[in-house]
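> With the hints as your guide, set chain X onto chain E.
First to last, the sequence lines map onto chains E and X. Residues in the first sequence are numbered consecutively from 1, following this note's numbering. Residues in the second sequence are numbered consecutively from 1, following this note's numbering.
A couple of the hints might just be wrong.
The list that follows gives simulated cross-link-like pairs (lysine-lysine, BS3-like), each with its CA atoms no further than 27 angstroms apart [unchecked claim]:
no., chain 1, residue 1, chain 2, residue 2
1, E, K106, E, K161
2, X, K86, E, K75
3, E, K205, X, K86
4, X, K408, X, K355
5, E, K205, E, K75
Computed footprint of chain X on chain E, listed as stretches where at least three residues anywhere in the stretch have a Cβ under 8 angstroms from a Cβ of chain X [to be verified]:
no., region
6, 132 to 139
7, 242 to 252
8, 308 to 316
In silico negatives: residues of chain E with every beta carbon more than 12 angstroms from chain X [stated by the list, open to error]:
no., residue
9, L113
10, G186
11, R381
12, E383
13, L392
14, V425
15, A426
16, L449
It is worth saying that the hints were derived from the structure and are not from the lab. C-beta atoms are modelled at their ideal positions from N, C-alpha and C, and glycine is treated no differently.
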Amino acid sequence: MTAQRQSRGSPSFGLLVALVGVLAFIALTVCAESATPALWRIFSLRDYNTRVVMGGTGLLGVACGVIGTFMVLRKKALLGDAISHATLPGIAIAFWVMVAAGGTGKYLPGLLLGAAVSGVLGMGAILLVRHHTRLPEDAILGIVLSIFFGAGVAILGVIQKMSTASAAGLETFIYGKTASMLGEDGRRIAWAAGVLIAISVLLFKEFRALCFDAGFARAQGWPIRTLDAVMMGMVVTATVIGLQAVGLILVIALLIIPPSAARFWTEDLGILVWLAAGLGALSGVVGSGVSAAFPELPAGGVIVLVASSVFVVSLLFGRARGLVFRAVTHLWLEVRITRQNALRSLFEVSERHSAGEPVTEKALREVRYWRGMQLHRALRRLEREDRVCRVLGGWRLTPDGHEEAQRMVRNHRLWELYLIHHAAVAPSHVDRDADLIEHVLGHEMVVELEKLLDATVAEPAVPESPHPIAAPVEEGGT
Amino acid sequence: MNWTLLDTWMLATGIFSALSCALLGNFLFVRRLSLMGDAISHAVLPGLAAAFLITGSRDSGPMLMGAVIAGVLTAVLTQGIAHAGKVEESTSMGIVFTTLFAVGLLLIVRAADRVDLDPSCVLYGSLELTPLDTIRIGGMTLPRAFLVNTSVFAVNAAIVWLLFKEFMIGAFDPMLAVTQGFRPRWMHQLLMALVALTAVACFETVGSILVVAMLIVPAATARLLSSRLPAMLGLSLAIAAGSAILGHLGALTIPRLFGFEDTTTSGMMAVAAGAMFFLALIFAPGSGVLAHARNQLSLRRRIENEDALAALYRRGEGMELATAELPSPRLLHRLERRGFAAESAGVWQLTPRGKEEAESVIHAHVLWERFLVDHANMRVDHAHQSSERLEHVTTPEMREVLAETVEKPVTPPSDGSILPPR
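With the rest of the complex left out, here is chain E (with noise of 0.2 angstroms):
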């Protein structure tokens, strides 16, 4: 339960690292192009433009956040990838109908709906196609990737030689413009990103058995696949509402990114959404402030930056999950173990002499192997601790000491005698195994192993080893 707890980790501590790093990101685009003062404008939302335009790629980086959570943990990264890429025909055929019909062709609710439809159409070819067929998942997001992006190519080809109207500007939607937000645009975005977040509150419940153990779902009488393409709609309506932001290549970053960074914080999918969110908007926010700095930037490649940016720092720093963290608890493990390690061979060394010798380093590498100075190095920590005192030429335990080795070889031996009595294992091989389970041998399983060895084993005492104490070959040769 503790491990558990510690394990997850305060995401505060978690957010606060991450903070640092985007602003160290700035820090460092700052210096480069010494443009503070812009900088300071933009992030001070002095202008109305600016406050649209971070407004609307924040919640887009919301509702990105929530929704790539789910896909993230589903193993589906990549198919908003697939659906993304399907909305181009919709849009090259939304904008060919609305020149046929007489307008510009620039009208962007009605090139969003074109996109709208044949990202749901990506939706079901896949499905479609997943039904009909055993071709790897993999493969079918690729096969609907390509064939509709491939036919958007095709219309756009078609359009561009169109003598009625000019398409200059299509290409917007696959690189993105983020500057060309309007006050509507950003509060569609809103709508959509209020609408997203909702339905993803009140169908928690059914999502996370969705992500973790969709059989448990199944027999819970859920819809499956009701929930399914609910989920798949959603990732639809995320990606149409980011094309005119960050286009339809990079989109598939916000929906990845920011959850594939929040999960090195924590492990509990509660905190994992809205931290995602987190970053998700705060990519948004930071990435276009920075791209408004340097109008010749590409907002959508530098909201992206940032979010990589964020991710990097929680790959290494991530409370739950990150490289540092894993790397300091795997040293303390080491530590610890080794200490008990030298406790116990002192012990069982001095278990053969007679009582009050002294035991030399020499001694103690015969009957296990260390690496370099480890082994002198657990000794003086143990001294520090007083569990063990120098004397003439070697060392001895303390009183305090003999008691915590005791207990450590009583239970080292406990755990053999239980595998050569209940498990059959050959009295030859118990060392090994006992020496990887000792170290993490809790209370309650020592009270157990007690339970069952009681005929041959009494309270106090240590029980004599199963097997002659001597240096495994292999392991004191090296």
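Structure of chain X alone, referenced to chain E:
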């Protein structure tokens, strides 16, 4: 449609890039790395841009180098992040390629003041322009892109031919490959490098979208048609070449039908590949939608026939059957057509052949009942239900085994009747 020499060169270039991609696509497909093609084709962008920024020229050599490095980097980073961060591999792929693509976009913009390195050119390619850029070799004037694509195809084909066994074992059984000393990881990196090389060579001519389509679609289509790798390779090459030809024809003709100018060839090639996939999905022998439906239908027919035969047989044995248990007139006529039953004086009787068939079905039924009751500890009334289903799928071999297993003489486990106990 007016076909010119330009069209011939465009088509030849398109075919060779499609072939190069489709060849490698098979190995990506069997390793479940299809989307790696997509990822790499996006991720080579920063490699191209960086090579340009460093050398300051649009020479193919450094560009190719940069792209191959970026491609291998994508593969390495994807595996590295998946391994170190315990992230799922496709997720990590998504993170890596979007990031690299974003970097590429920014680099291109920075380079933009000095060069016309247009991202949309990478995306769509400009097959239409390739015949104009020519070089002279040995007195022949050939388009440069055609030479590049044919040589890439030659390289791919040579490596696949030389290392076919290694690639195949590495794809299907990496463990076996390790024990055989093949180094599947090196094979993997080699494959990734080849994909990157091919992607870059084809970008300029056909655009990244066709690269992605040709890496994935022909191989998947071939998989629907065959389950053997060598056959898959051949089929996918044929499909790739076919979609290149159809795509170019389509680009010239289809928009005209609607009264427009012609369109992007590479886009139409992807669409043509998609059409072929769709056809295979519907018509593939064995696994296609139609074949599947036909199998279902014939199975249903057989079960109906066998049930009807058994019912007639039981009535012939003097058993009372409810009207609902009697075969429908439609079914009876079907049996008559097959010579299993005949009508005489308004009463349907089994012919000798029909009787033989019916006996075999009922024999299977009784064997299964006996087996389920005696050897699987099933209750008598449950055994009947299961046997009703199993009797239709009992092969002669199965029947032999059953007959050896159950006790002789074989009698129905219930009250001696072969009907469900009431």
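> All hints are to be evaluated individually against the structure, with a verdict given for each.
These are the hints, each one checked on the structure:
1. K106/E - K161/E: holds (16 angstroms)
2. K86/X - K75/E: Holds, because 13 angstroms separates the two Cα atoms, which is no more than 27 angstroms.
3. K205/E - K86/X: holds (25 angstroms)
4. K408/X - K355/X: holds (23 angstroms)
5. K205/E - K75/E: Since the Cα atoms of K205/E and K75/E sit roughly 18 angstroms apart, the hinted pair holds (cutoff 27 angstroms).
6. 132 to 139: holds (count 7)
7. 242 to 252: holds (count 3)
8. 308 to 316: Coverage by chain X holds here, the residue count being 3 at a Cβ distance below 8 angstroms.
9. L113: Per Cβ check, L113/E is outside 12 angstroms of chain X; nearest 22 angstroms; holds.
10. G186: holds (23 angstroms)
11. R381: At about 30 angstroms from chain X, R381/E clears the 12 angstroms cut-off, so the statement holds.
12. E383: holds (37 angstroms)
13. L392: holds (49 angstroms)
14. V425: holds (28 angstroms)
15. A426: holds (28 angstroms)
16. L449: About 33 angstroms separates L449/E from the closest Cβ of chain X, which puts it past 12 angstroms; holds.
The structure agrees with every numbered hint stated previously.
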